[in-house]
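Trainee: Sequence:
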Amino acid sequence: MTSLGSLNARLDALETALQEENFDEAGLQLDALDAAQTTYLAGPSALFDVPGLSSLQARQQRIMLFMMRQREEASRHLHNGRQSLRAAHAYLTAESLS
Numbered sequence: 005m006t007s008l009g010s011l012n013a014r015l016d017a018l019e020t021a022l023q024e025e026n027f028d029e030a031g032l033q034l035d036a037l038d039a040a041q042t043t044y045l046a047g048p049s050a051l052f053d054v055p056g057l058s059s060l061q062a063r064q065q066r067i068m069l070f071m072m073r074q075r076e077e078a079s080r081h082l083h084n085g086r087q088s089l090r091a092a093h094a095y096l097t098a099e100s101l102s
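Numbering follows the working numbering, in which position 1 of the sequence shown is assigned residue number 5; successive positions increment by one, without gaps.
If you're looking for bench data, these hints aren't it; they were derived computationally from the structure.
Note that beta-carbon positions come from the ideal geometry of N, C-alpha and C, so glycine has one too.
Treat the hints loosely; a few may be bogus.
Computed Cβ-Cβ distance ranges for the label pairs, DEER-style [what the hints assert, rightly or not]:
(1) Gly9 with Leu32: 18 to 24 angstroms
(2) Gln87 with Gln23: 26 to 32 angstroms
(3) Leu96 with Gln64: 45 to 51 angstroms
(4) Glu24 with Tyr95: 52 to 58 angstroms
(5) Glu77 with Thr97: 27 to 33 angstroms
(6) Arg75 with Phe52: 32 to 38 angstroms
(7) Thr42 with His83: 32 to 38 angstroms
(8) His83 with Asn12: 32 to 38 angstroms
(9) Met72 with Phe52: 28 to 34 angstroms
Just need the whole structure built from these sequences, with the hints factored in.
Mentor: Shown next, in the form of structure tokens:
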């Protein structure tokens, strides 16, 4: 049976995977967390610990913000890489014209 403790443990595993940049594992943990939450919330005891659920939600939001920052950083790196490739291509083109 799923409990708030096990959901928090899954969040711990997800957070660890993200910090270690093990994105395959993070994806697996996210899928497992989603399935476990669905099971927990469908159960009869889900609404008995509102503070626990609120705490879990707050942790999830912090982790989601962390993931969004990582995504934005990766996007910046890709953009910078594309700009570097365009500059190198322009340099080579200009060099071949001279």
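Trainee: Which of the listed hints are not met by the structure?
Mentor: 4
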